[in-house]
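S.K.: Residues per chain are reported as follows:
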Amino acid sequence: MRRTALFPTCVIDTVAGDVGMAVVRVLRSRGHDVDVPDDATCCGQPGWNAGHVDEAAAVAKQTLGALATTTEDTICVPAGSCATMIRVYWPVLFRLVNDEESAVAAEGLRDRVREFSELLSEDDKAMLPEDDQATGTTPGPTAAVAATAYHHSCHMLRELGIETQPEQALQAAGIEPVEWDGERQCCGFGGTFAVKQPELSTAMADEKLEALEELEVEQVVGCDTSCLLHLRGRAERRGMQLRFRHLAEVLDPT
Amino acid sequence: MTPDLLTGTTLRSRAARALGDSSLTRVLRKTTSYRDGLRQQAESVLRNHDELVAAARRIRADNIAQLPALLEQLADKWEERGGQVFFAADAHEANAYVVDVALERGVEHAVKSKSMLTEEIALNDALEAAGIDVVETDLGEWIVQLAGQPPSHILTPAVHLQRDDIQELFRNVDDRGADLSDAPEELAAFARRELRRRFLQADLGITGCNFAVAETGTVTLVMNEGNGRMVTTLPPVHVAVMGMERIVADWQQLDLLLHLLPRAATGQDITVYVNHLTGPRDTGEMDGPEQSHLVIVDNGRSDMLGSEFREMLHCIRCGACLNTCPVYRQIGGHGYGWSYSGPMGAVLAPLLHAAPEARELPQASSLCGACHDACPVGIPLQDLLLGLRRRETERQAPPSEAAAWRAWAAAWSRPATYRATTSAAARLGRFVPPGLLPDGWTDSRAVPRPDPGGGFRARLRREGA
Chain D
0 MRRTALFPTC
10 VIDTVAGDVG
20 MAVVRVLRSR
30 GHDVDVPDDA
40 TCCGQPGWNA
50 GHVDEAAAVA
60 KQTLGALATT
70 TEDTICVPAG
80 SCATMIRVYW
90 PVLFRLVNDE
100 ESAVAAEGLR
110 DRVREFSELL
120 SEDDKAMLPE
130 DDQATGTTPG
140 PTAAVAATAY
150 HHSCHMLREL
160 GIETQPEQAL
170 QAAGIEPVEW
180 DGERQCCGFG
190 GTFAVKQPEL
200 STAMADEKLE
210 ALEELEVEQV
220 VGCDTSCLLH
230 LRGRAERRGM
240 QLRFRHLAEV
250 LDPT
Chain A
0 MTPDLLTGTT
10 LRSRAARALG
20 DSSLTRVLRK
30 TTSYRDGLRQ
40 QAESVLRNHD
50 ELVAAARRIR
60 ADNIAQLPAL
70 LEQLADKWEE
80 RGGQVFFAAD
90 AHEANAYVVD
100 VALERGVEHA
110 VKSKSMLTEE
120 IALNDALEAA
130 GIDVVETDLG
140 EWIVQLAGQP
150 PSHILTPAVH
160 LQRDDIQELF
170 RNVDDRGADL
180 SDAPEELAAF
190 ARRELRRRFL
200 QADLGITGCN
210 FAVAETGTVT
220 LVMNEGNGRM
230 VTTLPPVHVA
240 VMGMERIVAD
250 WQQLDLLLHL
260 LPRAATGQDI
270 TVYVNHLTGP
280 RDTGEMDGPE
290 QSHLVIVDNG
300 RSDMLGSEFR
310 EMLHCIRCGA
320 CLNTCPVYRQ
330 IGGHGYGWSY
340 SGPMGAVLAP
350 LLHAAPEARE
360 LPQASSLCGA
370 CHDACPVGIP
380 LQDLLLGLRR
390 RETERQAPPS
400 EAAAWRAWAA
410 AWSRPATYRA
420 TTSAAARLGR
430 FVPPGLLPDG
440 WTDSRAVPRP
450 DPGGGFRARL
460 RREGA
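In order, the protein sequence lines correspond to chains D and A. Residue 101 in numbering that gives the first Met the number 0 is what sits at position 102 of the first sequence, and the numbering runs on without skipping anything. Residue 303 in numbering that gives the first Met the number 0 is what sits at position 304 of the second sequence, and the numbering runs on without skipping anything.
Please keep in mind that the hints were generated in silico from the structure rather than gathered at the bench. Quick caveat, the model's predicted, so the values are computed rather than measured. Glycine included, each C-beta is placed from N, C-alpha and C at the ideal position. Possibly wrong hints are sitting among the right ones.
To be verified - Chain D is faced by these chain A residues, among others (derived, beta-carbon under 10 angstroms):
| no. | residue |
| --- | --- |
| 1 | P67 |
| 2 | L70 |
| 3 | A74 |
| 4 | D75 |
| 5 | K76 |
| 6 | E167 |
| 7 | R170 |
| 8 | C324 |
| 9 | Q329 |
| 10 | P398 |
| 11 | T420 |
| 12 | T421 |
| 13 | A424 |
| 14 | T441 |
| 15 | R456 |
Claimed, not checked - To be clear about the criterion: a stretch of chain D counts as covered by chain A if any three or more of its residues have a C-beta under 8 angstroms from a C-beta of chain A, and this derived list gives those stretches:
| no. | stretch |
| --- | --- |
| 16 | 102-108 |
| 17 | 152-165 |
| 18 | 186-198 |
| 19 | 210-218 |
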């Protein structure tokens, strides 16, 4: 049994409880003893991206304290951008507010933090015998598989360099995502950008949705619930039937 | 006068206007995808592209660290060969110098090759105000000049216009264009004939400067149209106007940057023309101008030295960040409202443009980081945009916005209030309780479904999993 702390993120806490539950079930089905630290709130990214450093640092410090006192080997973050905030930007943020102690604590935390698909991929490698590592597959659900497109979220792809792991997890579940032109292009969410520049943000979503429409897929899978909420909200408004699901929901054993 | 699209407008209003023109959006998406693809293809051919970018970043950092010494060396070498140098502190000084040079020689007609710096300082307006006729000779730049518009891309100024727009503009140039079709060959041939006449007539040629090489006092111009050679050889006076950061120490450094610039810009291994200019015509030389002026412009750049934004001085103006940017491809350069657009323009605007409206431009980004990936000199553009957002909130966040963020921090830095607000938000199906932040979400997007179970933590406690 591997002990894993789950930092659910504010998006799951506010509007995506289903995703959080799916993450817990997938991790437990793979032998993780999952605990959610009560006092972890938000990583501070909304304030950080909007340029409000003091406010972002106050929120991040609360979560840093909660995560730093966990005793699990791994802290799972089921969102690429929050994982980026913690691993890449927390030390920068704390130094900007002259909180060296927190910056050092944040650096100490980095090695324990794993984005969800990254953690699954490491599990697979650890479980498979040497010879099979190249394929990296484990049996997944056998239900009829929907035509699927994967959406690369920006920070996960460009800042954390997590590129192949989600697709490998899908393939292990018997899903071969289609390649498409816009898969690496930003969906237009961008945190407060989505509400400060709604026309631009919507145009960016529309471009992706139009590309997805041509692909004739049934579902779009991603690892950042915020991107998916934005795309889903726009698709619903356009009357599209497309489903948007977090990787964990697709892998959910129930 | 080139119209000012920035003053008195907001990013939202400009974006909405651009997005209202669906054919514009279609053209922009298609063209930028095409150019971004050319860049990626050209870079993929270089096996060590990432190493070259890292080397270029070091070179540019060195160049900027040694800027005063390099500029002095450049000026000495340029003067040794009989050229003249003027250091301009700002746009006004730069324009006044060029106007003086022109008036002293009795110049009536000036021709220009494309220069974004002269757009930045509005040199054409200054020359025209002094009664001098100025003609842009880069094809795209001439087209936007005829349209009375600022360029919408730093490399391809008329990217927002289509064939029939250009046909219409050319038909109105003079009688010779009245029967033009919209065939590209015919339009190009017309431009060639018209511009040839202007080259021969001109008594002043104005260019920008892609790179200046300090060790030999050389101005290097990179281009694909022959206009740059005409502008620098036919008129008796040549003025090159350069931003003070566009300098390298030696030809070895230039060599590397000349490998990276055209690949990033147009996907070319090398441009059709690479001109190296070393001052006026020498005794026994067949061509070249009688006078060569080099105007080195500061205009806010030295304030960036030593600041957290100094890396923006590394920029070599390739346009790759515009072509790859998911925001630029929706609204084009006019949506930004300034001659520099895309991520590089959004960083430069608050640093170089005096208008208060320019300070909003760092908001024209989702911070996706594609620009950093595309930059041939490795500028972390999204980090600079974030830094400018911080500077702006420190300077003057709107009171209601500042209060909302303080309330957010107060609530979410304590677990009890975090739990109370998030479970309330879950029940409502909103990211944040209504009223806490301006809600531009619902006009175009459905809200998430409410969770009657009170959110993730409550459900986890109740259901186990």
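S.K.: Now look at each hint and say whether the structure bears it out.
M.R.: Status of each hint after checking the structure:
1. P67: With a closest approach of 30 angstroms, the P67 (chain A) hint is violated.
2. L70: violated (32 angstroms)
3. A74: violated (39 angstroms)
4. D75: It is violated, given that the least Cβ distance between D75 (chain A) and chain D is near 41 angstroms, above 10 angstroms.
5. K76: violated (41 angstroms)
6. E167: The hint is violated - E167 (chain A) has no Cβ within 10 angstroms of chain D, the shortest such distance being about 27 angstroms.
7. R170: Hint on R170 (chain A): violated, closest Cβ of chain D at ~33 angstroms, above 10 angstroms.
8. C324: At 9 angstroms from the nearest chain D Cβ, C324 (chain A) passes the 10 angstroms test, so the hint holds.
9. Q329: holds (4 angstroms)
10. P398: violated (13 angstroms)
11. T420: holds (8 angstroms)
12. T421: With a closest approach of 4 angstroms, the T421 (chain A) hint holds.
13. A424: holds (4 angstroms)
14. T441: holds (9 angstroms)
15. R456: holds (7 angstroms)
16. 102-108: Contact hint for the stretch 102-108 of chain D vs chain A: violated, 0 residues under 8 angstroms.
17. 152-165: holds (count 4)
18. 186-198: Held - the stretch 186-198 of chain D has 12 residues with a Cβ nearer than 8 angstroms to chain A, which meets the minimum of three.
19. 210-218: violated (count 0)
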